[in-house]
Amino acid sequence: MKLLLPFHLHKVGAGFPSPATDYVEDDIDLNAHIIKNIPSTFLIRVQGKSMNNIGIHDGDLLVVDKSLNPKNFSTVIANVNEELVVKSFIKEKDQSYLASGSIKLKDKINLAENPEIIIWGVVTYVIHALQ
Amino acid sequence: MLYNKNKIALVDCNSFYVSCERLFNPSIAKKPVIVLSNNDGCVISRSAEAKILGIKMGEPYFKVKSIVKKNDVKIFSSNYSLYGDISRRVMKTLKQFSSEIEIYSIDEAFLNLSSIKHENLLGYGNLIRKTVLKWTGIPTSIGIARTKTLSKAANHIAKKDLSGVISLINEKKIEEILKQIKINDVWGVGKKLTNFYIKNHINTAYDLRNISANWIKKNTNVLGSRTAMELQGIPCISLDSHDVKRKNCCVSRSFGTKVTKLEELKESITTHCLNAAEKIRNDNQTTKKITVFIRTSPFQKKKYYYANAKNIDFPIRTNDSIELIKQALIGLKYIYKKGYRYQKSGIILSDLKDIAVYKKNLFSEILNEEKRASLMKAIDHTNFKYGRNALSIAQAGLKKKWNIKKQHSSKINMGCFELLPSVRIS
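Heads up: the protein sequence lines correspond to chains X and D, in order. Residue 49 is where the first sequence starts when you use the working numbering, and the numbers rise one by one after that. Residue 4 is where the second sequence starts when you use the working numbering, and the numbers rise one by one after that.
Just so you know, these hints were derived from the structure itself, not from any lab. Treat the hints with caution; some may be incorrect.
[What the hints assert, rightly or not] Pair ranges (Cβ atoms, derived): (1) D:L125 with X:K119: 24 to 34 Å; (2) X:E130 with D:K133: 45 to 55 Å; (3) X:S98 with D:K137: 20 to 30 Å; (4) D:S377 with X:K119: 51 to 61 Å; (5) X:F121 with D:D75: 35 to 45 Å; (6) D:M60 with X:D155: 38 to 48 Å; (7) D:A51 with X:D155: 31 to 41 Å; (8) X:D142 with D:K73: 46 to 56 Å; (9) X:I175 with D:A51: 31 to 41 Å; (10) X:F121 with D:E122: 39 to 49 Å; (11) D:Q99 with X:K119: 22 to 32 Å.
[To be verified] Derived coverage of chain X by chain D (criterion: at least 3 residues anywhere in the stretch with Cβ under 8 Å from a Cβ of chain D; other residues may be distant): (12) 77 to 89; (13) 97 to 104; (14) 108 to 114; (15) 121 to 132.
Predicted model, so just to flag it, every value in this text is computed and none were measured. Quick reminder that beta carbons are idealized off the backbone N, C-alpha and C, glycines included.
When you get a sec, could you build the whole thing from the sequences and use the hints?
Now the structure itself:
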């Protein structure tokens, strides 16, 4: 993965040189900004429905960090019924739950009651194309 | 016995290729899984469940097909770009646990843990395993000992132990554990040496450790002595943590369907040359010699079997794709025989050296060396930007009929936006 965007451009030409030239530092590195822990961060594609309430849509790219532990309302990837799925992680009164996009109470899965469910990683960014 | 303060850990990924396939596919987490070599030829990685079924390492796929069918074993074609990516993640994770690490293979690394206190070693080993598992999803086993050979032995035991970490730093336990290790499982003991040792009643690592130094010296070579000493806890093989540049570069592939025509062999050899040339240019190296080889399937009956190779020296060191291809094709014509069904072709570039090492040649001007160098640069740059083989050489062929079979590939490629792993929203 490599992506460098020029942070500052200065045209060379006749006339007075731009006083800003000396302040050109480095290119912005979008990877460094988005990926905090390289070995544990994965790019994963979303397939199927959308989770409109958290802003995840079909075809989006998720930046997932496996090294993180989920906090209340973290969006996570979990291994549910032998499949990797996107869920919301919710903490309530010392209990942890997984909820789907709709956040209906009955859809909530109590993690203590379903020990086979494993949190695979925590979603840190969503990359969504607007055009 | 000499005392030394070294503490060396060997971290080895469990069923590495299978573990990589399982990472994004939890549905096969508990099922028997095998990964096949290039061209779906042989079994090269087995899950614990597959091992129990009696599937052996290196066995040709057609021999295990009935077991696979009967037990619903999940099979995968090897996906090296995925395994390479996960391997880099594992190694990067390991690097934070030791300043001195030797990446020994795609799924193993030696770590110098000499600075860790004796009583904390097992805990530290567990922390390494836990972190690698959480960060990369890959399970590992760890063996810790005074020498590399002993840490390999410890790892062998750790693989079968539930704890996953075995330390042989405590002297008392060593002998007892070495008795469990068969001589052919000792690091550095190959097939020939195994037969020789067994003839002489050396059946375990323990036997080899306690053999007299004189006997070893008399009857084996320096490598034999080294292994015996290492088993006694005397370090003879140091940790190689420097990035050593390769001395050889081999690119070879098995064909998807058997190839008979010279034209198609030419295409494959040309493609191999392009790949190898790009690799060594990337490392700023040049080569002095190229070896071209072709062979039919080794499982063929004798009269249909043919294998041959040809070495060609370059007049001057080079990393120029066109130069490599020219010589390789001359070599190929030399060894090609009509009437055989070829299964594999490849090239080896040897005697690689840094570009800085060789001086400008008297004939450089005549050969247009600089112009060529900038052409190669342009090719590499374009291919980096637009993907492998965006810019190639017509000889490499466009259809590539001979390309390898990958019927069961998971097709995940972390270096390609179109082939990233996916998740569902439910």
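Checked hints:
1. D:L125 with X:K119: 24 to 34 Å: Roughly 31 Å apart at Cβ, these two residues keep to the hinted range, so it holds.
2. X:E130 with D:K133: 45 to 55 Å: Since the Cβ atoms of E130 (chain X) and K133 (chain D) sit about 23 Å apart, the hinted range of 45 to 55 Å is violated.
3. X:S98 with D:K137: 20 to 30 Å: holds (29 Å)
4. D:S377 with X:K119: 51 to 61 Å: holds (53 Å)
5. X:F121 with D:D75: 35 to 45 Å: holds (40 Å)
6. D:M60 with X:D155: 38 to 48 Å: holds (45 Å)
7. D:A51 with X:D155: 31 to 41 Å: Once the Cβ atoms are compared, 35 Å apart, the range 31 to 41 Å for D155 (chain X) and A51 (chain D) holds.
8. X:D142 with D:K73: 46 to 56 Å: Check passed, 48 Å falls within 46 to 56 Å.
9. X:I175 with D:A51: 31 to 41 Å: holds (37 Å)
10. X:F121 with D:E122: 39 to 49 Å: With a Cβ separation near 41 Å, F121 (chain X) and E122 (chain D) satisfy 39 to 49 Å, so the hint holds.
11. D:Q99 with X:K119: 22 to 32 Å: holds (23 Å)
12. 77 to 89: holds (count 4)
13. 97 to 104: holds (count 4)
14. 108 to 114: Result for this restraint: holds, n = 3.
15. 121 to 132: Satisfied; 6 residues make the cut.
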